[in-house]
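Student: Following the hints, put chains B, C, D, E and F in place on chain A, whose structure we already have.
There are 6 protein chains.
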Amino acid sequence: MSTKINNFENGQKIEVPLLVHSVTKGVTQNGAPYLSIRFQDNTGTIEGKWWDVDPKMEEVIKPGTVGMVKCDVLLYRQNLQIRVHGFTKLDHYDLDEFVNASEYSNEFLKEQMSIYIGMIKNPIYSTIVEACFEHYGEDFYRYPAATRNHHDFVGGLATHVYGMCRMAVSLKEIYDEIDLDLLLAGILLHDMGKIDEYTQPMLSQYSTQGRLLGHISIMHGHLYEIIHRLGLVDTEESMLLRHLILSHHGLLEYGSPVRPMVKEAEILNFLDNLDARMNMFEKLLEDTEEGTFSPREFALENRAFYKPKGVK
Amino acid sequence: MSTKINNFENGQKIEVPLLVHSVTKGVTQNGAPYLSIRFQDNTGTIEGKWWDVDPKMEEVIKPGTVGMVKCDVLLYRQNLQIRVHGFTKLDHYDLDEFVNASEYSNEFLKEQMSIYIGMIKNPIYSTIVEACFEHYGEDFYRYPAATRNHHDFVGGLATHVYGMCRMAVSLKEIYDEIDLDLLLAGILLHDMGKIDEYTQPMLSQYSTQGRLLGHISIMHGHLYEIIHRLGLVDTEESMLLRHLILSHHGLLEYGSPVRPMVKEAEILNFLDNLDARMNMFEKLLEDTEEGTFSPREFALENRAFYKPKGVK
Amino acid sequence: MSTKINNFENGQKIEVPLLVHSVTKGVTQNGAPYLSIRFQDNTGTIEGKWWDVDPKMEEVIKPGTVGMVKCDVLLYRQNLQIRVHGFTKLDHYDLDEFVNASEYSNEFLKEQMSIYIGMIKNPIYSTIVEACFEHYGEDFYRYPAATRNHHDFVGGLATHVYGMCRMAVSLKEIYDEIDLDLLLAGILLHDMGKIDEYTQPMLSQYSTQGRLLGHISIMHGHLYEIIHRLGLVDTEESMLLRHLILSHHGLLEYGSPVRPMVKEAEILNFLDNLDARMNMFEKLLEDTEEGTFSPREFALENRAFYKPKGVK
Amino acid sequence: MSTKINNFENGQKIEVPLLVHSVTKGVTQNGAPYLSIRFQDNTGTIEGKWWDVDPKMEEVIKPGTVGMVKCDVLLYRQNLQIRVHGFTKLDHYDLDEFVNASEYSNEFLKEQMSIYIGMIKNPIYSTIVEACFEHYGEDFYRYPAATRNHHDFVGGLATHVYGMCRMAVSLKEIYDEIDLDLLLAGILLHDMGKIDEYTQPMLSQYSTQGRLLGHISIMHGHLYEIIHRLGLVDTEESMLLRHLILSHHGLLEYGSPVRPMVKEAEILNFLDNLDARMNMFEKLLEDTEEGTFSPREFALENRAFYKPKGVK
Amino acid sequence: MSTKINNFENGQKIEVPLLVHSVTKGVTQNGAPYLSIRFQDNTGTIEGKWWDVDPKMEEVIKPGTVGMVKCDVLLYRQNLQIRVHGFTKLDHYDLDEFVNASEYSNEFLKEQMSIYIGMIKNPIYSTIVEACFEHYGEDFYRYPAATRNHHDFVGGLATHVYGMCRMAVSLKEIYDEIDLDLLLAGILLHDMGKIDEYTQPMLSQYSTQGRLLGHISIMHGHLYEIIHRLGLVDTEESMLLRHLILSHHGLLEYGSPVRPMVKEAEILNFLDNLDARMNMFEKLLEDTEEGTFSPREFALENRAFYKPKGVK
Amino acid sequence: MSTKINNFENGQKIEVPLLVHSVTKGVTQNGAPYLSIRFQDNTGTIEGKWWDVDPKMEEVIKPGTVGMVKCDVLLYRQNLQIRVHGFTKLDHYDLDEFVNASEYSNEFLKEQMSIYIGMIKNPIYSTIVEACFEHYGEDFYRYPAATRNHHDFVGGLATHVYGMCRMAVSLKEIYDEIDLDLLLAGILLHDMGKIDEYTQPMLSQYSTQGRLLGHISIMHGHLYEIIHRLGLVDTEESMLLRHLILSHHGLLEYGSPVRPMVKEAEILNFLDNLDARMNMFEKLLEDTEEGTFSPREFALENRAFYKPKGVK
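Chains as they are written, first to last, in this note's numbering: chain A, 1 to 312; chain B, 1001 to 1312; chain C, 2001 to 2312; chain D, 3001 to 3312; chain E, 4001 to 4312; chain F, 5001 to 5312.
These are calculated hints, taken from the structure and not from any lab test. From the three backbone atoms N, C-alpha and C, an ideal C-beta is built for every residue, glycine too. It cannot be assumed that every hint is accurate.
[As the list claims (entries may be wrong)] Selected chain D positions facing chain F (Cβ under 8 Å, derived; list incomplete):
1. V3027
2. Q3209
3. L3212
4. R3259
Only chain A is shown next, with the shape it has when bound in the complex (with noise of 0.2 Å):
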């Protein structure tokens, strides 16, 4: 098994397979061509420049590319990088040396995902919920549940989803009124949208109508569509199942069109918002040193988070 990235060091002449994440072409003060190149494997990402590259280059170094990649690794501004002198792109490898995935199996999830939605007794809600799932397939367990920030990697919404309806049985137990069955539902379907706001699964972006309609609204266009199609229009589950998935971001200026006025749809957004930063302390913490605060994280509202020293 070849070198990886978070064993690089420096001073080292390596060869080994990485993939592309991202690019960009520069020209130095002289003139002279360079590729700005940002490569990943399952276990970080490094930034690479490749000097005087010969400009054919530019049109096999894609993102999403992986290749045999020759260069030295060495430390910048306190920061490793690497000088490519060579890439040759491999047709065959194994995707998940690659990118970061679900801690989970896709087995398991499958399994999980069946059990949960096996739990749901009320027939208006399987129904439909089957149907979505039927809609978008595999893809339920192959895309991220954010581009970045957390469950940031393959299978990473259905990792999500999972650790949302492990929550939503343990509430239930503490306080019985919870109408689970609803709450089940929308935990679900609630972010199924994003399989279309996305690009794609792996180093996604927002896609057209990812951008201009937004994932709570294509997926409440779909949920109504199929709605429409099982003739369930006019139930009351319907109705509050739509309400669930519109609501899920609690505050119009997240970009929800109405607030939650079911009390699922309270909880629904509560257990979005808990298992999302569970899951972003776990990344930010991992590369903090005990006794120190980790960086500001924009996305916990732009905190530092401090982790405290042994005490444990």
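Tutor: Just chains B, C, D, E and F now, kept in the frame of chain A:
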């Protein structure tokens, strides 16, 4: 023709046909039952009291009922009020005598809508717009554009759309880069969801789905279902039109899940706002004396407006 | 057993024991004195009027007094009200008949607190927590968690803490990286300062120091004094626990002098919020008919909540 | 005719007349002096560097100077840039070749202003408007309407006012209750204070009084002084016109000391906003490819705008 | 000397001279006319009712009229009120008996203003200040500084300016870098526009121009006209002084079209605020018992203030 | 005496004692190590680069170290910079040569604090204040009042408190109702918590407890512990003083857990603000030329301030 509310005078004893706007039951300090009834005709509304009312009348006097009212007019706290002594339900009457209606006739508005729909040259937009008009049918010409504030009368929705269409055509003459097809399609459809958001064309309230979903998402759902049925989901036009509907309130805080990000979406929001305000000014200043300020109007950011004196 | 307020009927003439919640003096337009008295029992409250009252009764009828009330029940502006004719102070009564109390018994709550304190393995946290419980003693089980809104009943504070502890333990099972010791210590102490912030366990008001200092700073003062006395000022644990108390309102605007900057502080704020909301939903929807909206609730950002009809 | 900036190509060695937009001095790490100069012609701007420049050139190369520039064009960080080798000041040139100007000629704009001033029938308004036009004279046709963002070119102020006048006349046809005299007078004068707020008609900056007083108060001061001189202080018209000038930014936060409280003041604010936005859209989308989003634009609330593809 | 309002007692039958503060007409449920009149003397105000009043009295009882009032004092809803039986207009009276006035005499205030004007050494500032004082003459010593909230009494404006001048001089001793000439000139003129903003010195309301233009712009207009007449438009001093007037509310949201951008402008805003607050505290705490909180005061950001008990 | 930073000239080769303010390591594109060092003396700071530095120097050159620096002065991007060639650590030096210090001597400040403490007549306040001064001892005269912005120099805290005390005494002469004892006690203690909030008296940073608790709560904790120890918990005075400390930032958003609700608390907040601003103006305008604007200053709400020209 009988006396109208705006002609009632202190001291009159009259018998007039009136529409019940709303009604509340009460009991005097002495334990006697009474009804507080707000009556309406097409010149205004007036508060009425029916002291020592026969409890059976509660079954008769309901919002929306028209009846012959026997009463005395008197001044109470500086406002005219009526003491009701009798009420006989009427089965035949001319609704126009009791509710406000657009200054334009139903025929005129239909004709105008046809003209503006006919101006749309792009077949995708015109197909979609026609399907939406078919879906809502006559209701488009009967519903108000708001439950209060602006265009809150029978035909208000179509009247509001008509004003906006006229401005759109004028604007196109000044700013040629406007895509008039997209703008007209957006104007024609933008508030159609209000037909489901409100309970009925007159004396309308918010329906349950109106409160839980909002007219923007209701309309976007219908629109997507229609686009899907017509096989137009993947067209640029359908995406743009959906964006115009979703963004027409301009700000997330005002219930649009996305902000306008297409030129015509921004213009739609401006025209919507301007036409609504022109209608509010008209209502507000009608009852204000020259040289004085109107009452504060919540929907105009709580401002009072000054009515200039004899300038023109 | 005597009739309770929630069973009063229009027209009844009754004699029942009631608690005086609050009282105001008035004079009729004819110059006659009267008292407006809000009475309470453990099923609700009702407004009463005592016309032409003997001025001496003012000395007797004071908030917190329980008395046998002779009165007529009548309907006034669509609400039941009572006309009081007599009031005899009672010296012996069972307080539980007049005030709301937790659904959990005092014993049960004490037992549960012992269990959760016992779960804290870190001796610094448990020493501090025990010293705080000793400081406040019985009051912890008697005070409400808020003067209105949520858990506003005898034992409300302990009930609120109990709900949060249960969630904390569930969450730890899902998110293993949580420091349960710190989180439980924070939950157990976070609202203790309310015992000084309010004047008394029932019918409680804000005390002067409650208004000028606030329960967060009151508790932080006590906590620091205890930590200082125990010689624990320089421990990481005492600093973290102080941070959790100070930051538990989440935002500066809500009275926390610092925002949560430790993972468990963020979770504490979420659990506090969620448990309070679950209790508010319960109160709010209890009196709402299925298929309708509750009144707007200020503490829930002025939203009205919809109670679904017969879904489940 | 010489090459223009928008036709420069990587690798060219050219000699072209250019206007100096701004200039900064620097010293390389080796201690050699250089100049960073932004040049401009009527097709755009370009960054230039003059390495090892003769220090005397600093006296020659000043913002506003036009000179013949000897240089090489090269690509630097994906943008074209020039290396300057020589600069000869030109004394005679056609300013129009170097600065952007209105699409309308000076004569046309003067003619149009005359027409709109002529439409004002009320003699008080027309007397005041004429006195203001006399006060500012030619400058009204030379200044921009903003230093950047919208109508930031020679003649921009008059062009902006022209667009607004056209809309006002259209609007009057749709909404007859508008007082066109007041509205036109307000439009014609609203931004005149910018002539004092900016330092000069081209490459303009905020003047000291512009920053300390703002164009709204500067214009209101002039207007009041003129009204006072004309003996019109106590007329309704002068008060209304002063109100329109003061309130035309719509919100206190945007620098209006009072909010619009007269119908025409509200409309003025709308038309100002709409015409400015139409001009910003034009500039922003001109450089955006179909099917993509423009860069974010601060003056449009930091939104990026989408340019639809081939719809029309 | 006759009884004053603050000495009225329940049950009294009296005849006293009172000033009419405001008046409203009404009709009882039985159709009888009555007047609700708020009366005032220099110790407070009291509500009065004149039942079955002769309609002719409407012509006599107007705000600002002083009359001999025949009435009974009674307690209504815990407040004293009077039943009026007669009113005889008085033509001769001492205004000071009916309105609140500054604790300082007119002479004293004039003397003090002379002293502070005399302290200004820079002739440009002193010339301008003197011209403004000449423009407003006696009114400067008669108007209040606000219609309610602070310094809302005859002479309030001059009293407020006096307090600020005293602080300015003290501050100059501590912070020598202050330009006392500019600061004093700014203080002396900052609120003069209120003389036009209000309708009259006592019982004053906002005038129409006061609402449409605001005292800041009114004063800035006068000031510019005076500066223009004196030929001082191009002096640094006149620009600075205009800036101080325009920016003295500190924030755009509070009606200043520019924020303070000169040190003395910032100080002026502070002193204005501090002196106003000191006056509000005095009024607010005067009627508050020691050891209790005052009512909430809107102008103090809706806070209630605590009056400490016997500390000193 | 050696050359000071504010006298350095382009082209000098010098050897001077300097204090290391901060330091960062780097590697050139050629892989050579270098240090970026910010040096400081009591006249300012300057950026330095040490190319090809011996890695061992990293151990020597640390923030807070004073050394003899051998270097060349040069101009880089319009700022002076130094190229370092040697650094010899100094063990003996006069700290005053390297850090900014109060314009007042340590002795003077101690004397002044004694005077103001002595002015407090109420024995409860003076006992508490003395105990707090004893707790912090010398540090009170060494710490700054802020890490940047205002009074960010040795002795800054005492200097800030001194300015505020002077104003308090002046104010008492104008507004006699002020409780000077409470106000002085509040001023003397309000910022003492900064001694724990910062890491050290010079080049100070926020400590971990400073970030997690904040100086307001740190000081309130100490104060309560002292009050508790002195047996003064139940006095009105201790409650008021705690309130002044807690509320001195004025707004919840600024970190005060309660808003000022006692007159003296409001004044404390004003004086704190005013003295801080006077110090910021001094720093900001010192480096600004007459007739120009300073840079924007974040701590002054991002405003730029104008420095008037030769007015006085």
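Student: Hints broken by the structure, by number, lowest first?
Tutor: Violated hints: 2, 4; rest satisfied.
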